[in-house]
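Protein chains in written order, with the working numbering: chain A, 213 to 375; chain B, 455 to 902; chain C, 4 to 800.
FYI, nobody ran anything at the bench for these hints, they're computed from the structure. None of the values given here were measured: they were computed from a predicted structure. Certain hints may be false.
Said to hold, decoys possible - From the structure, some residues in chain A lie toward chain B, with a derived Cβ separation under 8 Å:
(1) 225
(2) 274
(3) 297
(4) 303
(5) 334
(6) 339
(7) 354
Stated by the list, open to error - In silico DSSO-like cross-links for lysine-lysine, where the CA-CA straight-line distance does not exceed 27 Å:
(8) B:820 / A:227
(9) C:69 / C:94
(10) B:662 / A:227
(11) B:820 / A:315
(12) C:25 / B:662
Said to hold, decoys possible - So the derived label-pair ranges between C-beta atoms look like this:
(13) A:215 / B:594: 54 to 64 Å
(14) B:752 / C:98: 49 to 59 Å
(15) B:463 / A:355: 51 to 61 Å
Backbone N, C-alpha and C define an ideal beta-carbon position, used for all residues, glycine too.
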Amino acid sequence: MSDTLYDEIQREIAKYPDRRSAILPALRHAQEHYGWLSPEALEAVADGLDLSPARCLSVASFYDMFFLQPVGDHVVEVCTNLSCAMIGADKLLKEFERELDVKAPGTSADGTITLRCVECLGGCGWGPVVSVDEEYEEHFKIEDVAPLLERLRSTSRPSESHA
Amino acid sequence: MPESPTFAQPDANALLLPFAGSRREIVEYEANGGYDSLRKSLGMTSEQLVDEMIASNLRGRGGAGFPAGKKASFLAQGLDRYLVINGDESEPGTFKDREIILRNPHMLIEGIIIYLWMIRGAGAYIYIRGEYAKEAAILEGAIAQAREKGYIGSPLPGTDYVANVYVHRGAGAYICGEETALLSSLNGERGQPTAKPPFPAVSGAFKKPTLLNNVETVATVPVIIGMGGAAYAGVGTEQSTGTKMFSLSGHVNNPGNYEMPLSATYRDLIEGKGGGLPAGRTLKAFVPGGSSMPILMPNQLDTGLAFEAVVAAGSMAGSGAVIVVDDRTCMVRFALRTAEFYMHESCGKCTPCREGTRWITELLRKQEAGLGTLEEIDLLLEICNRVEGNCLCVLGDACAMPVRSHINNFRHEFEEHCRLGRCPCPDDAPMSELYPPLLKAPLPMVHA
Amino acid sequence: MSATQTDTVTLTVDGREITVPKGMSLVVAAAEHAGIEIPIFCYEPRLGPPIGACRMCLVEIEGAPKLQAACTLSCNDGMVVKTAGTSEQAKEAQDAVLEFMLLNHPLDCPVCDKGGECPLQDLTFKYGPGNSRMTLPKRTYEKPLPISPAIVLDRERCILCYRCTRFSSDVAEDGELVARERGAQSVIATFNEQPYTNAFSGNVTELCPVGALLPTAYRFKARPWEIVNVPTVCTGCSTGCNTWSTLRENKVERILSRNNPGVDEGWLCDKGRFARYEPRDERIATPLVRELAGLEPAAWDDALRAAAQRLRHQSAAVGEGAVAIVTGGNLTNEEAAGWAVIAADLNARTASAPIAAAAEWERIDAYLAPLAAIDTADAVVVIGDQEPADRAGTVELRIRKARRDGAHLAIAGPGGSSLEADAKSFIRTHVGAGSAMLAALTAAVIEAGGENVRTDATAAGSVDTLAQLAGADIAQIRELAGTLVGAQRPVLLVTDPVAVSEIEALAWVLGLDRTAGGVVPLPIGANERGERAVGLVGGWDEVLPALEAGDIKAIVFVGADPVMESADSERWQMALAQTEFVLSVAPFTNGVTSQSQLVLPLDVDHERDGTITNLEGRIQRIRPSLAPASGVPLIEWTSRLAGFLSITTQGNPGKAFDQLAATRPAFAGLSWKELGEQAQLHTTRPAAAAPVGVPAPTAPATATEGKLRLIAPRQLMSGAAVSRTASLAHQRAAWVMISHADAEQTGVKRGDELAVRHAAGEHIGEARISRRLLPGTVRINWSGAAGTGTSATVGAK
Ligand SMILES: Cc1cc2nc3c(=O)[nH]c(=O)nc-3n(C[C@H](O)[C@H](O)[C@H](O)COP(=O)(O)O)c2cc1C
Ligand code: SF4
Ligand code: FES
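Next up, chain A with everything else stripped away, as it sits in the complex:
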């Protein structure tokens, strides 16, 4: 598997005049492979980019979308920035917390769903916005919470760490 990742990284590098520029795509591929950016995943990125693992960690930890801790099979993110919060995202999040019995940020006890709140997702006029495994659900209502969680619980995101 690490060789697939290595090859993917090399393909990303080919898009740029400098291999360093491929670090975000490389980290993204690694996160897809490993489920999160474990030390092992970061070392694989470092190998693919010919950079130090510390540099990969430094860059990864700067961005919100990279997980330096294990996460559930699904990641649910609720935008709680101004526009969404003003039209009920706060209550929505509370409902998610109640249904999942976990405080954001956190992962449900069964390990399936990680819940967290995030800053403005760029859907302010179509809010409240919830991002589910990087796909936006807009005009999200409290009634939508339970069916969504039910759907998520019944599918498991393919990820190496759980395979």
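Assemble the complex: chain A is given as a structure, and chains B and C with the ligands must be docked to it using the hints.
Showing chains B and C with the ligands alone in chain A's frame:
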């Protein structure tokens, strides 16, 4: 669930999105005159193209409103010159670039190819915020279609110039919208701003001369080349030409993106297009250009949307994100939620921003909880002053300016919190619960 | 307009007119030049372009709407600058920044080792912290956090100026020390709490402007007013970095750099900074004579008289070459001069370097480049199996800087060295192919021709055959030859032990004597060049056959230990067992002392007074901060030994130096009194002469069937002092590097424990996997000498 997202009704006066629904397929786009401007531009020299942009007087749509033609004329000479498109769109309230990409991606691609041809660029990179996964895929698809049609990856008709266009996804950092931070990020560094000079026009992507513009700015290029710079300059006001996308959100009946001529007013937008506030509510304040701008008050509704008009009113047009705030909203909370965002997004490089946004946020937390003091309201204002103007980039200002405006316009609400020792707003007021995203807080371990 | 008018700009700072060179100077530097202080934290020109992060240096510029960071602002003609000294606005900003910094800083100055030497403390005292309106809880962190056994980090004191991380990423380029997280949560960290192992890591303790990064060894050791700083020069390698040694209660507690831009640019490697010859009570402190029971202390005069008698006897009885004096390139010029006189009197053979070719290094002087030539080079070529740093520590930092400044860096070797990742070209060769590579490159340069090329020279063969011999790609060699021919200032460094004539041939055809570049030699001993210059010439490899043949009856080792430091260890041991008289001068018991009849104490780094000559020929003064362990300086007892031989040598370094100045060309024109603290470079290039004959390259090493070729060059982090310094243990942690292909085949994973068996022993270390290392080879960081190019087997531990 309603279709997500829902687009506004078509507007005949629109230049960028005058149609209903989307035109993602290149055939649809071409059937409506798409890529004609590119063909036209291939018969023009670089200088002619730059002159056309200067004649249009188009001002950048990313926030600062810098004249696009002038910026293009500053680009340093050099063999490897790059075009970078800023699609980071993370200023709270802003979602206009996203609608352009969702509905009319080829307009952006066409603008990119014209600009690349204008600078004979070695390549273009669209830096799109990481969360826009679907939009990134749409752009990849549009690039693939343009490649098939020979607009990308093979010599443009009648020339030996080959345009190369790539999509580069961010990974969740508002600061990467700031141009030098974006370039650091594209160059594989932490997305932190760098001191200017050197300006991107001299050293940017891959340390080469770089022209950097916002998605909407570049998407407007085909319009300008198509209708001519002078004709474009006839729309809007003298200093703010053309139409611009405005993102309307908050307590308004019809939120969404609206393309408005820059000669219109906030009243036209909020009451006209937006249908005003929901029944029974009154306007308390509105954010005129993204959460980093000082708020404006109801008596300023007739302020023009033009860059110069908003400045005259004491704020800035910014990214064109208009957030409508109704009378039930607690302005202390509003200020806190604003400050929290900037603290969360401060890159941590320069001292005043890193420490100042944190200090402001902590003091506002006390205020909101009713634990603050009257002196601390003044202290807050002073910290805002000490942050503003002293930072490496303007993210620090983006925190200080709105917070100061919240305090100055609604000081009585802050004082009331102090006096009562709690927030006076009812439980069902907007934002009654505050959920600030924690600073990369460690997530609990997955069980099992 | 005169040239001076166009080349300078004049600006006003706080009402004072300042003229500085155009486009070069930043406002902060211009102000400093004029004696106007603008406080700074992040600004440090040696770390590359300024970043303007701390905002301490904000100044008012007339006509500018906002305050500007003086550290990122270039001077313009007519610019009017007001610092906090004259501008209310700038003063307010400076106050603000200081207040922001102190929000989290613990202000634990009384218990901080930086106390008294801390700019943050000074500024806080000077301007006072903005009154106590900081009701915020300060950030707390676990502390102190060791980031390596040598360095501790206190995150609470850290002001996030990013000097240390910039050093790691932009100077040493190791990328090991980084900032993680974002915004107010940013912290300095290594990967996964692994130790910071870069050989230059200690520099961050000097760069840190507060007490956040401190050397472990110095913690709570001394307060600034209890110490004495002695200016001296490091004797760890031939670079000769300038240092301060901090002395307290008769102990060297700390080594700091003493920036000599031409030599070290203010950097030290961790060997120079942290390695100590300790513990002192294990040192050989008196003469030792072998008795039946072993080595026993003896009186100085008895020992010296006995030594003189034995040496004189062999020399007189057997004649020329019966005595050998073996040094290791580590004596001072003055000490070496004394031994050279003794050697001449005894008709003795001498050997000052492991390989004989070193004796001919003077021929290279026609192409000799100063270290500073690397900075301005447009092409830098490094050829050989070894890392340049293993020969000359901080030279590596210069090579990296040259590459960052745009020089074409080319590395030719078997792969797996740290400079390759960012090199413009990497040419993979066989192991030990330096000689063949030089010959191939010489042939390719002749073939390419060009204005500066001496095409009349003959090559050792065709480019094809020589490239094949080196195992290198012919197209890459031709391309590099093209680059070299077109370069105006190329610099060549060879890390393989090759014959001088092979380097000379390339330098000659390239006309390196005419260009601004040249050859930077990489001697092994710190003062190899100086020892040669006073007459101690020859190589250990020439002495050994004579010793084995029994031609040498008496041998003296002065700071040399071929039993430990040569790949021919066993041969030396066997030959010494049959030698009639072995005398060794050593700091600790070592490989040769155990076979000696007489052992005398050797002074080490901080005990010596005199001069040493660095690789570029710069003659620098080293000063003692401690008395020798024996109480009697080497140069003094050498002179007494000479007395027993009825000859005279100088027992005083100053007199010895002036005598050298009067008699030896390398020292001509210098005087002890005028040496100064920052020695100038006086070398001049002699005229180049056509090389004598075209050397046939030596064939690279091949491995026996089924075995791997070994690469085990001497490491920078090796030697008597390093091996005795516990805080450097992590730098010596054993590793075994194999190629990606070999790892795939054998299923070895990064971090596995591997054992390498080779002629000189067994090496067990953590697996490293390299995608550049030549398959079929294994690279190890063996601290002894293991014979690069020989065969080895690799297996699980
Ligand atoms: C903190 C900060 C965030 C910014 N975010 C964005 C953004 O998300 N998108 C954008 O186009 N410009 C953003 N900008 C403005 C850019 O720095 C830059 O001015 C702009 O992209 C230039 O394009 P334009 O000239 O076409 O407007 C931001 C600026 C700052 C200071
Ligand atoms: S580079 Fe050499 S001379 Fe300089 S500090 Fe290191 S060991 Fe000493
Ligand atoms: S010294 Fe100028 S910003 Fe730090």
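Here is what the structure says about each hint:
1. 225: violated, 10 Å
2. 274: Where the cut-off is 8 Å and the nearest Cβ of chain B is about 4 Å from residue 274 of chain A, the hint holds.
3. 297: holds, 5 Å
4. 303: This hint holds: residue 303 of chain A lies near chain B, its Cβ roughly 7 Å from the closest one there, short of 8 Å.
5. 334: OK, holds: residue 334 of chain A within 8 Å of chain B, min 5 Å.
6. 339: Because about 7 Å separates residue 339 of chain A from the closest Cβ in chain B, which is inside the 8 Å limit, the hint holds.
7. 354: violated, 13 Å
8. B:820 / A:227: violated, 49 Å
9. C:69 / C:94: holds, 14 Å
10. B:662 / A:227: Since the Cα atoms of residue 662 of chain B and residue 227 of chain A sit roughly 16 Å apart, the hinted pair holds (cutoff 27 Å).
11. B:820 / A:315: Given pair residue 820 of chain B, residue 315 of chain A holds - Cα atoms ~22 Å apart, limit 27 Å.
12. C:25 / B:662: holds, 24 Å
13. A:215 / B:594: 54 to 64 Å: violated, 25 Å
14. B:752 / C:98: 49 to 59 Å: violated, 38 Å
15. B:463 / A:355: 51 to 61 Å: Given range 51 to 61 Å: violated, Cβ gap about 27 Å.
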